[in-house]
Amino acid sequence: MKRLHLHFGTHKTGSTSIQAYLATNQDFFASAGFAVVRDFDPLDDPDAQKKFGANCFRISHLVVRPSLYTPIRIAGVCPPLSGEQLGLAIRSVNKSLRAEVHDDIILSAEAFSFLRTGQEREDLDRMFDGISEHPIGFLRESTAWLRSWAAQLNRAGLSHNPNEGTAGSIFDFSPESWLVQHEEIRSFFGPRGSYLRYEEEVARMGSVIPAFLESLGLDPCDCPEWRSLRLNRSDSDAE
Numbered sequence: 001m002k003r004l005h006l007h008f009g010t011h012k013t014g015s016t017s018i019q020a021y022l023a024t025n026q027d028f029f030a031s032a033g034f035a036v037v038r039d040f041d042p043l044d045d046p047d048a049q050k051k052f053g054a055n056c057f058r059i060s061h062l063v064v065r066p067s068l069y070t071p072i073r074i075a076g077v078c079p080p081l082s083g084e085q086l087g088l089a090i091r092s093v094n095k096s097l098r099a100e101v102h103d104d105i106i107l108s109a110e111a112f113s114f115l116r117t118g119q120e121r122e123d124l125d126r127m128f129d130g131i132s133e134h135p136i137g138f139l140r141e142s143t144a145w146l147r148s149w150a151a152q153l154n155r156a157g158l159s160h161n162p163n164e165g166t167a168g169s170i171f172d173f174s175p176e177s178w179l180v181q182h183e184e185i186r187s188f189f190g191p192r193g194s195y196l197r198y199e200e201e202v203a204r205m206g207s208v209i210p211a212f213l214e215s216l217g218l219d220p221c222d223c224p225e226w227r228s229l230r231l232n233r234s235d236s237d238a239e
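Once you know that position 187 of the sequence shown is 187 in this note's numbering, the rest is easy, because the numbers rise by one and skip nothing.
Read the hints as simulated data drawn from the structure, not as lab findings.
Idealized CB from N, CA, C, for every residue including glycine.
Possibly wrong hints are sitting among the right ones.
Cross-link-like lysine-lysine pairs, in silico, DSS-like; alpha carbons within 30 Å at most [what the hints assert, rightly or not]: (1) K2 / K50; (2) K50 / K95; (3) K51 / K95; (4) K2 / K51; (5) K2 / K95.
Derived CB-CB ranges, DEER-like [as the list claims (entries may be wrong)]: (6) L158 / Q181: 18 to 24 Å; (7) Q119 / N154: 28 to 34 Å; (8) L158 / D47: 34 to 40 Å; (9) E225 / G168: 40 to 46 Å; (10) R204 / F52: 27 to 33 Å; (11) P46 / G165: 40 to 46 Å; (12) W178 / H102: 32 to 38 Å; (13) L158 / E184: 20 to 26 Å.
Starting from the given sequences, assemble the full structure and let the hints guide the process.
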């Protein structure tokens, strides 16, 4: 059975660096027995399917609940699908994963960290039908994360409708926000996942990439250079 290493990280936990590392070193991962999934539009004709980068936001948004307006959806990208279209798209992703040459597959997207509901779990199970799932998630200290997340949305010019509540939305910055309920993330992805603390890994190695490689069963010392790769940083973020 193929094994899917499903990487996700909440905002500012090194996902951009990991995805750049995956894209840059795709040949290395292939030589080590890993297929790196590149994003694609699952409703495109399979014979003319264009491949994008290692940030698989198109694939991940297929299973994000329709009621959640993520920054990408607010920008008019990845609108929710339903019914026959959603089923077709999920089957397209499953077929593509099953067709990979290697038995170990790496799929990465920050948006997987938004998943919480039973319906999302069912859709994810359909997407990965016949494939063993190994989640790899990076989590960050809640107070610093909420402050950084609010600043990021503000920089992007995104704000909530004052006539609507923030509970359950991406604009919930309260200490009890669903966005920082890490136990719910662990519950959704299950006990077999690798859940890593962003701050601890950065303090240990200066980057999250070594911990990611170790979660794949690889020795960072035997992998391509990772020390200089630190992308999408803000002045207030350490990674």
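A quick look at each hint next to the structure:
1. The suggested pairing of K2 with K50 holds, with an alpha-carbon distance near 24 Å, which does not exceed 30 Å.
2. Between K50 and K95 the alpha-carbon distance is near 16 Å, which keeps this suggested pair within the 30 Å criterion.
3. For the given pair, K51 sits about 15 Å from K95 by alpha-carbon distance, which is consistent with the 30 Å threshold.
4. Among the hinted pairs, K2 with K51 is consistent with the structure: their alpha-carbon atoms are about 21 Å apart, no more than 30 Å.
5. Our distance criterion of 30 Å between C-alpha atoms is met by K2 and K95, whose separation comes to about 12 Å.
6. Look at L158 against Q181: about 21 Å separates their beta carbons, and that is inside 18 to 24 Å.
7. Distance hint check: the CB atoms of Q119 and N154 are about 31 Å apart, consistent with the given range 28 to 34 Å.
8. The supplied range of 34 to 40 Å is met by L158 and D47, whose beta-carbon atoms lie about 37 Å from each other.
9. A hinted range of 40 to 46 Å holds for the C-beta pair E225 and G168, which are about 42 Å apart.
10. Under the hint 27 to 33 Å, the C-beta atoms of R204 and F52, about 32 Å apart, fit the expected range.
11. Distance hint check: the CB atoms of P46 and G165 are about 42 Å apart, consistent with the given range 40 to 46 Å.
12. In this structure the hint that W178 and H102 lie 32 to 38 Å apart at CB holds, the actual value being about 35 Å.
13. Taken as a hint, the range 20 to 26 Å holds for the pair L158 and E184, whose Cβ atoms sit roughly 23 Å apart.
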